[in-house]
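Number of protein chains: 4
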Amino acid sequence: MKILFVGDVVGRTGRNALSIRLGRLVDRHEVDLVVVNGENAAAGFGLTLDIVREFFDLGVDVITSGNHIWDKKEIFEHLDREPRLLRPANYPPGLPGRGSGVYSTAAGIPVGIVNLEGRVFMNNLECPFRCADALIEDLRHQTPIILVDFHAEATSEKVAMGHYLNGRVSAVVGTHTHVQTADEQILSGGTAYLTDAGMTGSLDAVIGIRKELAIERFLTQLPVRFEVAKKDPVLCGVLFTIDEDTGRAQAVQRIFEKIEQ
Amino acid sequence: MKILFVGDVVGRTGRNALSIRLGRLVDRHEVDLVVVNGENAAAGFGLTLDIVREFFDLGVDVITSGNHIWDKKEIFEHLDREPRLLRPANYPPGLPGRGSGVYSTAAGIPVGIVNLEGRVFMNNLECPFRCADALIEDLRHQTPIILVDFHAEATSEKVAMGHYLNGRVSAVVGTHTHVQTADEQILSGGTAYLTDAGMTGSLDAVIGIRKELAIERFLTQLPVRFEVAKKDPVLCGVLFTIDEDTGRAQAVQRIFEKIEQ
Amino acid sequence: MKILFVGDVVGRTGRNALSIRLGRLVDRHEVDLVVVNGENAAAGFGLTLDIVREFFDLGVDVITSGNHIWDKKEIFEHLDREPRLLRPANYPPGLPGRGSGVYSTAAGIPVGIVNLEGRVFMNNLECPFRCADALIEDLRHQTPIILVDFHAEATSEKVAMGHYLNGRVSAVVGTHTHVQTADEQILSGGTAYLTDAGMTGSLDAVIGIRKELAIERFLTQLPVRFEVAKKDPVLCGVLFTIDEDTGRAQAVQRIFEKIEQ
Amino acid sequence: MKILFVGDVVGRTGRNALSIRLGRLVDRHEVDLVVVNGENAAAGFGLTLDIVREFFDLGVDVITSGNHIWDKKEIFEHLDREPRLLRPANYPPGLPGRGSGVYSTAAGIPVGIVNLEGRVFMNNLECPFRCADALIEDLRHQTPIILVDFHAEATSEKVAMGHYLNGRVSAVVGTHTHVQTADEQILSGGTAYLTDAGMTGSLDAVIGIRKELAIERFLTQLPVRFEVAKKDPVLCGVLFTIDEDTGRAQAVQRIFEKIEQ
Ligand SMILES: [Fe+2]
Ligand SMILES: [Fe+2]
Ligand SMILES: [Fe+2]
Ligand SMILES: [Fe+2]
Ligand SMILES: [Fe+2]
Ligand SMILES: [Fe+2]
Ligand SMILES: [Fe+2]
Ligand SMILES: [Fe+2]
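Protein chains in written order, with our numbering: chain H, 1 to 261; chain L, 1 to 261; chain D, 1 to 261; chain A, 1 to 261.
Pairs involving identical chains hold if they fit within one copy or between any two copies, as the list cannot separate such chains.
Derived lysine-lysine pairs resembling DSS-like cross-links, with alpha carbons at most 30 Å apart:
no., residue 1, residue 2
1, Lys73, Lys230
2, Lys2, Lys211
3, Lys258, Lys211
4, Lys258, Lys230
5, Lys211, Lys231
6, Lys72, Lys211
7, Lys211, Lys73
8, Lys72, Lys258
None of these hints come from the bench; they were simulated from the model.
Taking the hints into account, I'd like the entire structure generated from these sequences.
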C-alpha cells in the first residue's frame, strides 16, 4: 500500500499547489492514504477551520502539524473535535488535540500516524523519543503500518529518531526546515526514512516567504512582518510503499512537482 | 569548467571515502577544481596539519571549513601560512587565517572561493551577508568564477544567502547540517544553489557520529563523548559546471557515492 | 555629579511608578541627569511618541532601550529625529536612530551615554565590545563622564563588558533581565558597575508581566499573549556619583523604591 | 530554624572561601542546615568525590548542583550512593542520582530539599514545574520545611517558579547565573524567594572565570579554555529563617562575604 506525505503547505500558494496537483499524484501513484503537514497553511502561520475543511475536500486523509499549529486560536477547539487533525504529541499534558491516531484507507487498511516535535533549537517539550516509544507500542497493537512526522530543526535529532525507530515503524519523515533532503533510504529494520519532506509553496522565496522580507530580516535583525511568496509554486513530499502485512517499507520516493501557473 | 565540492569530511571514515573515490570522480567528470570542507576531518572535530597535507596529496585544491575549524589548536598557525586552507571569513578581525582566495585550475583559470558561517543557532559572528558583499566585490575584479561555501544551520539563512548572491557568484553551496538537500537549482541570475552538500563519512550513523552515542545524548541530555562511525561510508558533494567567461552556472549536479568497503 | 539610571519601565504600571517617584528621587539625591530604559514602556513592548514625550515631561534627560525598541513601528522616524532617544548602537548599519550621544546637565556638564545590546541568547548584532571601543574613544574627546547601558541576557557577557570598559567609562549598567542584581561595585579603574538595574513596573508579576500568563506559557509552551501586571509597583535603578573632572565613579547605590498605590 | 544556602562554589578559590568562612557564618547566624551548590567546585566544571567529602567535612549538610554536575564522570557512581548529593530532578528517567531528599538538622527537624534545572537557554529536560509539583506533594507528607534550588538562566523562568510554588514551599532560591540578585522577598503565601544566590569564588573575574579568558572568548568567538580566577574571593548565599511548625518563611537575608586572603 502507498502513503503520500506532503510537506509543510505554506499559505495560499501552497494550498493552490496542493489543489492543482494532489488528485493527479494520487491517481498516478495509486495512493491509499494522503497525509499533509498543514502548520503553515493559513498565510504562513497556523491553520483555520476553513482550510482544514478545504484539505479534507481535496482528499487529504490526515493533517499533521508542528510548532506553528498554535498560531491561530480558532483552531484550538477543532483540535479537540477533529481526529484527523494532529498536533505534535509531545506537548505538555492538558493541551487541546492529539498527536496520533489510526486511520483507514479506502480498502480498510488501518494506518497509524504519529506527529512529534523536536526540541533542539525549538520549544521545551517532552522527550520525543520516549513519547514515540509509548505511542508506537500502543499503535502496534492496532496496525503494523505506522508513519511518523517528526517536525524538527536539527538534522542530528531527526536522523537519530530515524535510527531510534528503525524496525518499529514503517516510515519516519521529517518536516519544519522546508527544504527537501536527498537522503531517502530504507533503514536496516525496514523503516523508510527522509530527513525533510520539503515545503509546498513558492520556490522563488525563502522557505515559502517573500525573499525580500526574509533577507531584510537577516540584514536588519528587526522584526520584519513576513508574507507568503507566490512565484514558482512547488509541491514537495514523499511517497512510501509499505508491505501491508508486515508494515515494512518497500520503497521510498521523493516527490518534487513544479506547478504550472 | 567544472568544480567538484565535497561536503564535510567526518573522521577517518570520511577521509578513506575521499581517498578511495576522489580520483575516480575527478576523472569521470573532468573536474577542474576540487574544494572540500574539512572541518570534521580529525576524528570529527577540526583539522590537523597531517590531514591538510593528506587532502592536498589526494588532489584537493582548496579546503573550506566551519565552526569546528578551531577545535584543534595545532591548525592555527597553518591557517596563517596555507592560503589553500580557509576558515569562515566573518569571524572577528584579528583571528588566524583567511576566508577567501583566488586559486588557479591546471588550465590556469582563476576561481574565487569564499567561506562564510551563518549566525542563526551558531556563533556570534559578523554579518555574513555584508561580509559576502565586500569579499565578492573584491574577487570579481580578479575572476567571474566564484564559489561560496556557506556553513550554516538554518535553511532560511542559507536560502536567503543564495538569493542574496544570485547573479553575483557562480555557486552557493551550504554545509554543516551533514544531510544533503535535494533542492539543487540554478537561480535566475545564473547562480547555482544547493542548501547543503551533505557529509562524507558513515551513513549508518547520526551525521557521521556513532548512532548509539548520538541517541544516548538525546535520551540522557548528558555530555556524551562522540566517536566517528565506520559503517557504510559515502561521499556527498555537488558538481558545478560553470561558463568560464561569464561565471554563470550551466549545470549543478548532486553527488552521492556509496563507497564499497 | 550624579546620574540616576532607571531600569526597564514596563507598561502603564511602570510609567505611573516613574511619574510618582522620579521627581522625589531627583530632589532627594540632587540628581544632575536622568537616564531611563524605556524599551517596554508601551504595554510591555516598545515605545510610542506619546510616551517619549511623557518621559521628557517628567524630567527624563535620555531614554535608552534594547531589543524591544523595534516593536512599535511608529517610533522608527522618531529614532531618527530625537537625539535624546537611543537604541543599541551595535545594530547593523542603515537602521533608524543612534546608539550614543553627549547630553548636558542643567549645570552644563557634558555626559556621554552609550546603549549596547548583548548577543548571547539574543539578536545577531555587531560585536558590542568593538562597538564600545569605537564609540567611547570618540566620546572621550568630548567628556570624561560616560555611562553605558548594556542591554543583555547573560551575566557572563555583562560582567565581561564591565571589566572590558573598566577605566574607560564612568559606569556600566546592565538591563534586560528585569531583576536587579546585588553586585554594585566600583572596579579597579574607577568604573561603577551593576549587572542589572532591574525593572520599573509590577513586582507581583513575572518581570512585569501578569504572572498567571507567564506561568501558563511555561506550562503549555504555547504563544500566550502577555499583559502588563498592575500590583505592587516598584521603581528600580541605580544612582552613580561621578567625579566630573576625571569621570571616575565615586559611589554607586542601588535604588529600589516601592510605590504606594 | 535557619537554612544557609551557598551559591555555586567555583574551583579552589570558591572552596577556600567556603572553608574559611562557613564555620563563622554558621556560628554567627545559628544555622541549622547548610546547603551548597557545588556544580562548579572541581576547577569550574563538576564535582569529584574528594570535593564532596571536603564539603561534608566542612559542615555542609546537602550539596545541590546543576547542568555542570555531569562534567566529571567519576561523580556518577557517587550520585547513586550519596543521598546528600543532589542533581536536578528533572533530568530524564534512568540517570544516576536523585533530585530531592529529606534531611535532618542536629535538632532533628526534617527539611526537604529539591534541586531543579530550568529549560530556557539550557538543556532539554522534563518540565521543572510539573516535576516540582510531584516532588513537593510527596515531601510535604514528610515535612512542611522545603527549600528549592532552581538552577536556571532566564529570570522569567525563575520568577515564575517562585510564584508557582508560593505557599507550597518555604523557599525558592535560584542558581546558575553566578551573580547575586537583590530581589529577596517573602511572597504572599510565605515562600521566601531570591532569583539568584550568586557565586562563591573570585569576584575579580567573569562569574568566577579568569576575566582575560572570558573576554577573549567574547572577542574571538573561539573555544577558549577557561580557568578559575583567584583574586578577591567572596562567598555568596542567602539565609532563610523558617517557622519550623508551618514551614513559612519568616526572614530572607542575602549573604555577601568578602574573604580576606
Ligand atoms: Fe513549517
Ligand atoms: Fe515548523
Ligand atoms: Fe560539519
Ligand atoms: Fe559545522
Ligand atoms: Fe526589558
Ligand atoms: Fe530587553
Ligand atoms: Fe554554576
Ligand atoms: Fe550552571
